[in-house]
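> The primary structure of each chain is shown beneath.
Protein chains: 2
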Amino acid sequence: MSKAYERLEKVLEKTMALQTALILFEWDNETLAPEEAGAHTARVIGALSEEYYNMVAGDEMKEAIEACEKEEGLTDVEKAIVKEAKETREQLVCIPAEEYRDNAQLVSEATRVWSKAKKENDFDKFVPTLKKVVDYQKKFASYRAKDGVKLYDSMLDLYEKGFNMELLDQFFDELKEAIVPLIREIKERGKKIENAFLTGDYPEEKQRELAEFLAEYVGFDFNKGVLAVSAHPFTTNLHNHDVRITTHYSDHVDSSLFSVIHEAGHGIYELGIGDDLTQTLVGQGASMGMHESQSRFFENIIGRNAAFWVPLYEKLQSIFPEQLKGVSREQFVEAINKAEPGLIRTEADELTYSLHVLIRYEIEKMIIEEDLDLKKLPEIWADKYEEYLGIRPENASEGVLQDIHWSQGSFGYFPSYALGSAFGAQLYYHMKKEMDFEGLLERGEIGVIREYLRENVHRFGKLKTSREILKDTTGEDFNPKYYIQYLKEKYSRLYDL
Amino acid sequence: MSKAYERLEKVLEKTMALQTALILFEWDNETLAPEEAGAHTARVIGALSEEYYNMVAGDEMKEAIEACEKEEGLTDVEKAIVKEAKETREQLVCIPAEEYRDNAQLVSEATRVWSKAKKENDFDKFVPTLKKVVDYQKKFASYRAKDGVKLYDSMLDLYEKGFNMELLDQFFDELKEAIVPLIREIKERGKKIENAFLTGDYPEEKQRELAEFLAEYVGFDFNKGVLAVSAHPFTTNLHNHDVRITTHYSDHVDSSLFSVIHEAGHGIYELGIGDDLTQTLVGQGASMGMHESQSRFFENIIGRNAAFWVPLYEKLQSIFPEQLKGVSREQFVEAINKAEPGLIRTEADELTYSLHVLIRYEIEKMIIEEDLDLKKLPEIWADKYEEYLGIRPENASEGVLQDIHWSQGSFGYFPSYALGSAFGAQLYYHMKKEMDFEGLLERGEIGVIREYLRENVHRFGKLKTSREILKDTTGEDFNPKYYIQYLKEKYSRLYDL
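Chains A and B, in that order, give the protein sequences. According to my numbering, the first sequence is numbered sequentially starting from 329. According to my numbering, the second sequence is numbered sequentially starting from 329.
Note that these hints are calculated values from the structure, not bench results. Check before you lean on any hint, since a few could be wrong.
[What the hints assert, rightly or not] Cβ-to-Cβ under 7 angstroms is the rule here; a few derived chain A residues that face chain B: (1) Lys342; (2) Leu352; (3) Lys552; (4) Gly553; (5) Ala663; (6) Gln736.
[Unchecked claim] Per the computed footprint, the stretches of chain A lying under chain B, defined by three or more beta-carbons under 8 angstroms from a beta-carbon of chain B, are: (7) 344–350; (8) 355–366.
Note that the structure is predicted; figures quoted are calculated from it, not measured. Ideal placement from N, C-alpha and C gives every residue a C-beta, glycine not left out.
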């Protein structure tokens with residue numbers, strides 16, 4: 329190993345350690361920490377974050393990166409780490425330290441204001457704070473943006489490298505054109521699907537038993553992983569030997585069931601990252617979208633697949649003999665795939681979900697690129713829901729205030745959700761050519777599918793972008809047609825259209 | 329606040345943040361982290377520890393302390409923090425960085441070797457490693473020790489400021505003289521106590537219900553605290569608004585029951601530390617011994633008190649109606665206080681416990697001060713058990729290999745356990761003069777007792793030493809006679825002597 333790289337590695341080890349500590353604090357806060365701990369623990373988190381900032385922004389890091397860039401004999405992984413270090417540093421130091429700190433405070437404050445406004449169903453209360461958040465995000469994007477790059481494109485690039493409005497406009501336009509009429513058609517002449525039995529007296533203990541069974545079944549390794557409970561399900565990891573997922577339990581059995589498979593998908597991605605990459609800057613998933621592609625792949629393409637339940641449905645019925653009495657496997661599979669326009673993104677089914685994202689994408693473009701009067705947001709939001717989904721929110725809480733993202737300044741994040749589904753569909757159609765996908769699921773040989781994803785997606789960490797992964801695996805750049813094909817085929821069949 | 333102190337506070341905030349992160353990693357490792365995480369997480373912990381070392385040993389800390397020492401207008405708390413910072417720093421920097429690192433590695437290795445030797449019941453295998461640990465500890469003690477201070481005294485001072493062999497010899501001599509004959513007398517002519525009903529089918533879920541109830545009953549605040557499960561019960565805290573205790577469940581109901589009250593005692597100490605002190609260098613318990621005094625106070629003086637069970641026994645019986653059928657409160661109280669010499673310290677009753685500690689104290693003195701041939705340890709250990717407790721270990725696993733402490737280099741730690749009991753007894757006899765102690769317990773007014781301890785012990789953190797706390801509260805320096813009086817009175821009564 330070269331002297332220069334050794335030096336960089338030493339600095340990075342410290343920054344990674346601080347980052348890992350911050351991740352553990354966040355995990356702990358979401359899953360276990362006592363109610364009153366927050367304010368005091370915030371001091372600790374503040375000090376660690378400041379130390380992290382100083383290390384990344386500091387001269388030692390700068391000089392180490394520069395020395396590495398002059399170096400000849402670096403390995404490919406080392407080169408990728410140097411590149412990532414440089415980008416991480418540039419994204420941070422282009423923002424003046426004072427503004428960086430101010431924004432961190434603003435965001436923490438904004439989350440509280442948003443939460444209160446949502447509870448009180450009062451969007452106007454949120455507007456002045458949201459305005460500040462938007463202004464900071466625009467400013468930061470302008471610092472980052474290279475000549476001629478639009479602000480929203482710079483934001484999109486942060487979450488999904490290689491994607492911009494040009495690509496996304498095309499993607500979402502195709503989606504809108506296909507899905508809006510499909511949803512209308514289902515409503516008008518699709519067959520009726522019964523799913524009432526998914527709601528009821530499903531004891532938490534039994535749901536936990538099912539959750540652990542399913543996570544393990546799809547390949548989440550409990551020797552390197554943990555399943556806990558939190559208000560909102562999420563996945564996090566300290567490294568590829570310590571990956572943690574959460575779920576929540578309610579009287580909707582399918583909610584926890586598919587949230588566990590979804591988070592297990594995220595988890596399996598992180599577990600599959602190579603030992604040579606973990607605990608380095610390229611030792612995480614390739615992008616937000618690629619991560620979401622894997623969680624949605626496990627949740628929907630695998631978990632809501634009729635074939636998946638062939639070897640499992642008896643087991644499910646044995647856990648809930650009363651609740652599923654008289655429900656056939658076919659009825660169960662139809663119920664977990666029922667599509668129905670709703671107002672809340674996180675509760676949306678596989679089909680209508682993409683339109684929730686589309687609406688946010690269209691509005692974010694207006695906010696960032698068109699300097700929209702934010703007071704008009706609830707109206708715009710409601711109009712779009714009515715136009716695309718045929719339903720209109722009665723108030724801001726079930727409308728424009730439902731998501732936390734904007735209060736956190738995460739503009740450009742939402743498209744990843746839809747892109748993830750589209751990446752997954754593209755992988756799926758390619759895999760069907762290479763293997764008997766549904767046959768494997770029917771025989772319970774899910775390991776073959778998981779191993780294929782590990783080999784082609786997971787193990788590379790951030791060494792490839794999502795577009796490179798798609799290209800190398802499927803032989804084709806990102807192509808939205810597969811996602812549309814997937815939704816059309818699946819839902820036409822399901823609803824006898 | 330003075331400029332100098334402000335500067336010190338800034339450095340200390342970072343070191344405290346790193347320390348708090350390390351505490352959280354340790355907690356996580358003991359309670360939740362997946363099995364295979366260890367080796368990877370060790371890298372993170374190593375990097376954070378190194379950063380901690382560099383910060384404490386660094387020039388910034390040195391200069392800030394020196395500047396504060398020249399300052400006139402510091403408050404008493406500020407002065408105490410400066411003093412503690414100086415001591416912490418001196419204890420660290422007197423050890424060459426290389427030896428410090430070597431020892432950290434050695435100790436981690438030694439714990440593994442000890443664990444294996446214990447499992448295989450092979451003390452000889454442990455001897456070479458133990459020799460290295462002892463040598464390092466002696467070396468470190470010689471670095472720390474002021475002129476003329478003996479090595480073991482320097483070790484004792486680390487855990488219990490103001491205590492040395494002179495004081496402890498006297499303490500343990502008095503103890504031995506009183507307790508060895510008392511135990512013999514109980515064996516020869518004490519009445520028989522039945523405790524078989526404490527072992528049996530006590531479902532874990534019911535034990536958990538009891539554990540949560542009891543922790544809360546004695547005053548452990550779950551808004552600022554957490555109860556989890558770990559292999560060995562322990563208490564830790566991030567600050568006074570986040571205190572965490574653990575327990576374990578077995579078929580001995582009294583084991584988890586009293587371990588929860590014990591850890592709750594530790595926890596209540598940390599919860600009681602003043603808001604002005606928490607998250608500073610003086611924001612922890614005064615000493616190992618004083619901490620142990622509070623846990624043992626709650627476990628034994630409160631929890632094994634007949635009066636404690638007056639308002640509680642019905643509740644206990646309602647949780648375990650089958651298991652405690654026909655067992656009167658009086659029988660239960662006798663059973664939980666039964667004294668019987670055993671080989672294992674952690675399973676010892678209140679009476680014989682002090683002799684387990686005495687034996688370790690006598691042997692540690694020989695190891696450190698007399699340059700004992702370590703190969704002879706099993707024999708010496710067995711002889712002492714036979715002499716003081718009348719039983720002889722058959723092998724090293726149930727003898728000299730039972731405790732982890734020596735493998736971790738913690739020489740001088742054991743006496744704290746007995747000192748803690750003695751501190752507690754001294755506080756108890758004084759409190760009996762100030763309040764109707766048993767009456768309060770009978771009426772379930774345990775809050776009065778807890779508040780007295782908070783007011784006189786907990787809130788001061790490290791502002792006072794254990795001897796100062798005793799002096800200020802009871803009007804008397806440490807006096808071992810109360811502990812002996814307590815044990816004699818309690819066990820004579822219990823065994824009708």
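> Broken hints, numbered, in rising order?
Numbers 5, 6, in rising order.
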